[in-house]
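Engineer: Given next are the chains, with one letter for each unit.
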Amino acid sequence: MGKKLYHGAAYYPELWDERVIEEDIIEMKKTGINVVRIGEFAWASMEPEEGKYDLSFFKNIINKLHENGIETVMCTPTPTPPIWYSHGHPERMYVDRDGKVMGHGSRQHACTNHPYFRERAALITENIAKEVGSLPGVIGWQIDNEFKCHVSECMCHTCKDLWHLWLKERYESVENLNEAWGTKIWSEYYHSFEQVPQPGPAPFLHNSSLHTMYQLFSMEKIAEFSDGQAEIIRKYSSAPITHNSSVFFSVDNERIFKNLDFASFDTYATIENYPAYLINSDLWRNFKKDRGFWVMETSPSYAASLASYAAPHPNGYLRVEAAAAYALGAEAFCYWLWRQQRAGCEQPHGSVLSAWGKPTVGYENVLEVADLKNEIEPIILSTAPSQAEVAITYSDRGKAFLKTESHRNLNHRSLVTDFYKRILNMGIHRDVVPEGADLEGYKVLFTPFIHYLSSEYIARAREFVEKGGIWIVGPLTGGRTENHTVHTDCALGELEKTAGVEVLYTFPMDDSGTVGRAFDISAPLGMWSSVFEANSETSVGVIEEGLAKGKSFITEHKLGGGKIVMLGSLPIGESGDLQLQKLVHHYSEEANVTLRSDVTQGTIVAPRQGDGFSVWFVINMDGNGGSVTLPQQGVDLQTNTVIEPGKLEIGKFEYKMIQFN
Amino acid sequence: MGKKLYHGAAYYPELWDERVIEEDIIEMKKTGINVVRIGEFAWASMEPEEGKYDLSFFKNIINKLHENGIETVMCTPTPTPPIWYSHGHPERMYVDRDGKVMGHGSRQHACTNHPYFRERAALITENIAKEVGSLPGVIGWQIDNEFKCHVSECMCHTCKDLWHLWLKERYESVENLNEAWGTKIWSEYYHSFEQVPQPGPAPFLHNSSLHTMYQLFSMEKIAEFSDGQAEIIRKYSSAPITHNSSVFFSVDNERIFKNLDFASFDTYATIENYPAYLINSDLWRNFKKDRGFWVMETSPSYAASLASYAAPHPNGYLRVEAAAAYALGAEAFCYWLWRQQRAGCEQPHGSVLSAWGKPTVGYENVLEVADLKNEIEPIILSTAPSQAEVAITYSDRGKAFLKTESHRNLNHRSLVTDFYKRILNMGIHRDVVPEGADLEGYKVLFTPFIHYLSSEYIARAREFVEKGGIWIVGPLTGGRTENHTVHTDCALGELEKTAGVEVLYTFPMDDSGTVGRAFDISAPLGMWSSVFEANSETSVGVIEEGLAKGKSFITEHKLGGGKIVMLGSLPIGESGDLQLQKLVHHYSEEANVTLRSDVTQGTIVAPRQGDGFSVWFVINMDGNGGSVTLPQQGVDLQTNTVIEPGKLEIGKFEYKMIQFN
Amino acid sequence: MGKKLYHGAAYYPELWDERVIEEDIIEMKKTGINVVRIGEFAWASMEPEEGKYDLSFFKNIINKLHENGIETVMCTPTPTPPIWYSHGHPERMYVDRDGKVMGHGSRQHACTNHPYFRERAALITENIAKEVGSLPGVIGWQIDNEFKCHVSECMCHTCKDLWHLWLKERYESVENLNEAWGTKIWSEYYHSFEQVPQPGPAPFLHNSSLHTMYQLFSMEKIAEFSDGQAEIIRKYSSAPITHNSSVFFSVDNERIFKNLDFASFDTYATIENYPAYLINSDLWRNFKKDRGFWVMETSPSYAASLASYAAPHPNGYLRVEAAAAYALGAEAFCYWLWRQQRAGCEQPHGSVLSAWGKPTVGYENVLEVADLKNEIEPIILSTAPSQAEVAITYSDRGKAFLKTESHRNLNHRSLVTDFYKRILNMGIHRDVVPEGADLEGYKVLFTPFIHYLSSEYIARAREFVEKGGIWIVGPLTGGRTENHTVHTDCALGELEKTAGVEVLYTFPMDDSGTVGRAFDISAPLGMWSSVFEANSETSVGVIEEGLAKGKSFITEHKLGGGKIVMLGSLPIGESGDLQLQKLVHHYSEEANVTLRSDVTQGTIVAPRQGDGFSVWFVINMDGNGGSVTLPQQGVDLQTNTVIEPGKLEIGKFEYKMIQFN
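Chains as they are written, first to last, in this note's numbering: chain A, 54 to 714; chain B, 54 to 714; chain C, 54 to 714.
The shape of chain A in the complex, shown without the other chains:
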């Protein structure tokens, strides 16, 4: 990918005739679309009969697009094996938790671990890569499409065998597994790996280790599939490879992107939920720090299927969505989809053109994005997102642990999003980082809602603290081992020792009347909580009411140049939110976090760093307008006028670029 910004759309030329394709290209040029993503569901068009490949149609399309200045991200079509693969072969299909075997007619119906699937997938991908890999129009690749968006862990026989092999690799001996999982409980004890069940129908819950490990196994397998596909492509093409994922799917995004070249996400958040839109940018930017991420799919107006639809975007929102993405590190902003589908199950979904070729309700907004892109492109290309000082760890493996042990339907994604939203609303520039992220450059690190914290993570965070960082751990973090059991040395295992605290006991504080006081605010406490011995030197939050009265729920521990802050519980309600804001504020101040503004809620500041200057993208996301105080004199890059320090007003769905020298 070159040094430019992309404005793109998902395109399905295989569904339309030549006349329509001609129209499409004309319209793409009108709407400033300079890249399309094609092919991800077209297996049957590319290999209509088993072993008979024909990529000529796609080659022609790619070339024709390229001639018209439109580049292509080529996809592998593996989410939709053709009927020759699935018909009469239930053993190749995905099996759900209840044992239901999927049939043909939708997507993700095949088990992606079946050896014959792997074989056919490798062949189709190799054929595609060989045929189009060197075309000048192909500027990137996408593997498959939204892995595990409709399905999660497959329960077929192939998976059973692979599960046993995976366990063997992980535990070496079944005795190790028995010990690690504590299988003496409920007489679960296994004599061989072959006896270990998949977490299918059972009268009550499965062993937590079994349930979590099966998720990790499944996440590893799909990542391996992705790895293999990428390897094949690389034999024939130097274009970078991605996958379009999301925090909603049953995958380990960090693991998947490890062996890919750039990171992409799909999002369909509505305006009410714009922080859930933004968190993607703040997270995906950090999967591949050296390359801009792609917003690979978002609706020009509304998401829909036969069975549901979302509210359409208000006019103006699409443009600020694009502005925010580009400002926060996106290289591309792409729609799903270009032309409304006439068939299938997503016909009602928002698009740029209707199935009958007319502009849709979102069309004008797409034109606005095209203009925006052109306007900001030079500024974006001459800057990069400023290094954030505050990081929040997001973990898909943590999501798996929490899915197994969900307490009261807790969900890692939504818990972290809520946590993130608070920091966003406080005007702090932030990164959301995967577990394995380098912590260099940060001043404050948050690690909430991760049942199991690896030794490696603890060591890295410890080093971060020793070098002066403030690490805020919890709530609900560290109480489980890597095998999803409870620690037996102390409540939080290695973390507890590192954090210099003593957990007295843990218990669920919801509905227990527990009140904690910290930072001059009292708030009810909730969620599964760790109670610390109170100590006037280390206690920052003290329990005022309830079973643990007089004990501590927030402690500080100095280590090297920095500090570990244990947050044992979740302050809840309005006062809890305020208390948490004070906590964030307190430690941000203490850590000397500077990339922060007083921007009003609903508006964001995305700071970018150029060579000797910085630029603030100030963007109103909620359509209500807002303001921010400029700390110094700047230049409004749209009007090229000098702006004095002080309050800067931002109109509804307005964005401004202010350069500071």
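Mixed in with the good hints there might be a few duds.
Identical copies carry no separate label here, and so any pair may be met within one copy or between two of them.
[To be verified] Using 30 Å as the maximum straight-line C-alpha spacing, the simulated DSSO-like pairs for lysine-lysine come out as follows:
#: 1; residue 1: LYS57; residue 2: LYS117
#: 2; residue 1: LYS153; residue 2: LYS213
#: 3; residue 1: LYS153; residue 2: LYS221
#: 4; residue 1: LYS274; residue 2: LYS342
Honestly, the hints are just simulated from the structure, not real lab data.
This one's a predicted model, so the numbers in the text were calculated from it and none came from an experiment.
Fit chains B and C to the given chain A structure using the hints.
Structural biologist: Coordinates of chains B and C only, in the frame set by chain A:
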């Protein structure tokens, strides 16, 4: 059926001994029951062992009833194949969408498409018809009972094969099917009909074409079964044939009644929902215009099963239910059931007599119906329901399309019922008509909530318009092809061209802040909507707020002597209801609709036409009383007194018959 | 079991190493634990390979505990067959109603009726009994654990065959079954027992007889299993045998305890629901009148699993839970569990020690219970619960009938608990008794919510009435036969004749506007109701409004020295509650019930009888404190001071023991 009114009940003599049957007949005579329906679940009594038939019990019963002045509607017992049919034969049983195979012990457990079922069903029906077809007591037939009331589309192997044959007949070549369904999407593409799946388990939604076609296939198959059964009966009996159906079941009522002789329905609406009771009469009257319909089942007080019960009718309601049915065209008003069952799963259900032979809580109300029937019989028999000027199209095929593409759990039945209720409450005499209805005699036609409108329907409606009618189309009408895909020429295909409008785009208006103004009222708009180009000549409703501001949502198009009015969106909330009332009022006035009164809500006027006179049945349905203005002097047929024009009061649950000359 | 009180905990030494076990024993002694329950899930530890038994570990543990003054209740481990039993043997597993076959990894996964399960269960139990049956530490046995807590009726092939045998035994001929079940309905008719299905998938509800009988069959089978296990143990041990059950499980507790030696229950009610805690004591006391019952499981603070948790007990509540149990007849109060589990699926569950060996949040409360036990032991041991004068019948068979015919999701357990709560709050000392209970000693008997009342029960109750008792029957009682059909002689069959009433009709009164007046209060009536002929001599409750206006809903019938009161309907809402309170009060007065106090709501009086004296345990359960009027001078046994008659205040979570001579 002769020239008389019927007052009947479902009767299960096979469950009781001789003494009870004697009691029953005495009680039937006391309660004015002059017809019973028998036999619909009695297969095991009639053919206790495979191939051994014995109808003597039923012959005796029919004769004995006849001797006592009670006629019989004889049923075929096919909803409940005996254990010799089902035991050990899972391949003969109904299979649900998840693949669960039904067992014996309830009803509708057999796949009605299995060839052996068809064979045994033909034999039992032939035996019954032969034995009782010429008995003088048999005045009618009912085929089966409530087709598809508990089940919908069967997924068994037999159905799979028949599905493939049905597809072959419909599409001739699989290439046609692929093209029609757009199966290139998601690599669904089929190489042979045999590969086309049933819409069973899949990770996400099936192709809309597949889902809808499978419903149409299933509806056609059950209708074919009905046809075949009727043919057998006709060989042995000249008595007319019906089936007891409902808008709730997974059938195409219009198709089923096409080959039957009279139409019947079952209803268990409670008083709160009396419009849902009335819509049945207004629809069923139009399935067989030449014959009175039957209310084949309704409770004398309350519906119930082991798992639920409804509130009992207040005293007086049953009588006005019967009055309304007879006035709106019923020939019979029948209860389910005569004597409370002692076993099974519907023991708690309301009945005329209890299982121990005593009068139930509804008994007195049944006596009132008997009196009512006697009182109104001469008036009913000398008149017929007046030809309505306003028609609303109801479509079970439309219901199937909407089941596939339900947007936000939309349901054709309840949408049309809401639409109907408004017109009912406005005091307009109306017909609810099937898609294929002759439009002769109407002045205004409404066609709401039908995704797919056939060319044949459009042509008929166009002719209706050219002759001077006003056709109001929408909302949610016409946007899909006959194969349940999206049009590619324009949003509404043929309809759009006929209606002389241009749809700019379509989008879901719910939660989008869209406001439309029409007939001097502003109202929020909702539902999937078509937006029309605004044109001061044709625009009747203009969008004031929202994404499509300035465009139109209601347009008029003059054609011949009439007009097509496109209603692109659904006005919602209180103001939306008012706006729709104004729309109905406006076009009713314009079309010179005269069969309308100012009857207060909760009371209805059912106008009937005699030879040189008309009669208004004015009936209070809601128990609150009401009034209506008489347009001219009339005669109260109960008191035989002259009533002056002007306000006529109607007491709680009262009915009056006013004759005008 | 000797003449002492127990304070115990469930203990799983097989999950821990020697060091931990040493710690545990030290801690048990500190916390006053004098009994543990062990072994109920340890089959794989005891018989790691099929046929290889090793009980040495448990023998050692029992002996070591005994040496430390801690006795053992030994369990059979049959809820968790090892992997060698389940792997590769789907035919041995539990099958749910939808046909899903359970796998290994949780508990209750095996069908307990499979002959090979019975064989292996007998062998493991015999081995255990042989090995530890005569150890001095073993003071009792528990069979299995919480039968049918996760599962209900198994649908496997073994069960199908046993079901047919059970039916054959019950009905002798299939013709009898057909007649009893009324299978002519819906052509269900069976030609042989082998044809009778299990109540698996069906398009609609199964026949009520089939559904109820299958439940009775299942309840009998699990009880037979319990019987057989007890017989084996008795060959090797004289220690008494119990099972830990609950009103929540799909079992017939009366039947199970018939052949066991003492009764135990598990309960996890939270403080908000303390009457649901107390009803267990008032019921379990009556399963085995000659022996104290055991609270075998309750949490020291909160129940939890991976998927949920309850609120922790407030400080002080655990002690009054124990006080109430001991005062109401418990011999033991035991926790689940001693040490938090590190693995499995119940890790978060409340315990006395954490998995890392520290005191939990509930620890201090456990110490309080230990003190309480020591304090009250001499008083408890020198007294016994006073004979209650008021009894309420609880029936697990009634629960099964109501599960089949649940009307509007009615549930016997919660209905009876609500009824009980009212009597509890009125300060009346009461028994909750199984259907077969001896009625000697009672003055008032309530029999609500039992669809089917056996002849034997009616005869016993009649005798009770003739001897002077007042029997209050209903609502919803007696309307079904033993085969779960409707009576055909009169609404309530034998009961109706015995009660000297005539039921005119029955109907569901909910939402029907029915109002009943009795005891000077008018209240709405609800639920399926019987309406009686009004008679100024016998009518106590008259229907003032609604369909049955002027009829009666409460009647009295004098019989011998007593009276039968029929309660035909359920008064509902606040006024209904008041009316029912007045009814209870009226008949308690009439029957001269004396064991009653004016104790305030939230506090209870548990009267006990000693030799020439009585003791009132006055216990505040709700944490709000309360008071009661002492009828005479007493002695406070804690302070040994004389207390004058009159008002006695009780503090929050306080208990007092007042002796009267």
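Engineer: Now tell me, hint by hint, if it's right for this structure.
Structural biologist: Comparing the hints with the structure gives:
1. LYS57 - LYS117: within (21 Å within a copy, 77 Å between copies)
2. LYS153 - LYS213: both (15 Å within a copy, 18 Å between copies)
3. LYS153 - LYS221: For LYS153 and LYS221, both the intra-copy (27 Å) and inter-copy (29 Å) Cα distances are at most 30 Å.
4. LYS274 - LYS342: within (25 Å within a copy, 60 Å between copies)
The structure agrees with every numbered hint stated previously.
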